[in-house]
Amino acid sequence: KAGVTQTPRYLIKTRGQQVTLSCSPISGHRSVSWYQQTPGQGLQFLFEYFSETQRNKGNFPGRFSGRQFSNSRSEMNVSTLELGDSALYLCASSADSANTGELFFGEGSRLTVL
Amino acid sequence: DQQVKQNSPSLSVQEGRISILNCDYTNSMFDYFLWYKKYPAEGPTFLISISSIKDKNEDGRFTVFLNKSAKHLSLHIVPSQPGDSAVYFCAAKNQAGTALIFGKGTTLSVSS
Numbered sequence: 001k002a003g004v005t006q007t008p009r010y011l012i013k014t015r016g017q018q019v020t021l022s023c024s025p026i027s028g029h030r031s032v033s034w035y036q037q038t039p040g041q042g043l044q045f046l047f048e049y050f051s052e053t054q055r056n057k058g059n060f061p062g063r064f065s066g067r068q069f070s071n072s073r074s075e076m077n078v079s080t081l082e083l084g085d086s087a088l089y090l091c092a093s094s095a096d097s098a099n100t101g102e103l104f105f106g107e108g109s110r111l112t113v114l
Numbered sequence: 115d116q117q118v119k120q121n122s123p124s125l126s127v128q129e130g131r132i133s134i135l136n137c138d139y140t141n142s143m144f145d146y147f148l149w150y151k152k153y154p155a156e157g158p159t160f161l162i163s164i165s166s167i168k169d170k171n172e173d174g175r176f177t178v179f180l181n182k183s184a185k186h187l188s189l190h191i192v193p194s195q196p197g198d199s200a201v202y203f204c205a206a207k208n209q210a211g212t213a214l215i216f217g218k219g220t221t222l223s224v225s226s
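In the order they appear, the protein sequences are chains W and H.
Following the working numbering, the numbering of the first sequence begins with 1 at its first residue and continues without gaps.
Following the working numbering, the numbering of the second sequence begins with 115 at its first residue and continues without gaps.
Listed below are the simulated SDA-like cross-link pairs for lysine to any residue, each with C-alpha atoms no more than 25 Å apart in a straight line:
#, chain 1, residue 1, chain 2, residue 2
1, W, 57, H, 120
2, H, 119, H, 185
3, H, 152, W, 40
4, W, 13, W, 59
5, H, 152, W, 10
For the record, the hints were derived by calculation from the structure and aren't laboratory data.
Start from the sequences and build out the full structure, keeping to the hints where you can.
Structure (structure tokens):
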């Protein structure tokens, strides 16, 4: 069974640009969550999608957005990039109907903003 | 304010000994607590979890203890192995939601 796949793995952008990151969940998983990992703040929740609907949202500005497609694949977008957006962006999927919090993470997309 | 805190950034242990990683939380509404392990250049991997209605959960070498009155949980690894060297994240889930709130992690180094 293939794991969570994130693309691209690494990317470099400049301030003001926008970026789109992609995530393919484990087959059969309908929930996809996104987290930002930075050295100072650790892992912080961005948002979660379930059946193409945003079910939960973290405390991030509106420049961060996402969506989920009918095949459960998800994308997140960051517009008007700032230096502080440099981070590892992690996608996680879940089939956890019992809602115990168990997530399966991808390897992440490392974004560097210059 | 941090709802989940891991106050020790690092821990060094000798192979074969016990590793104890600690985590404190502030929110009484958390219903599940989880531990994730992360190697460099990889995503976090689920290790073990515990429901808020229990005080202990064991899985092989890994045991998690929950002390609700102290709002404290700990992960015990016995015996520790060099392959356990990684960053360990404590996480908690609010019973009303699906998002995980993570601590900032503890780097465990197990020397042979």
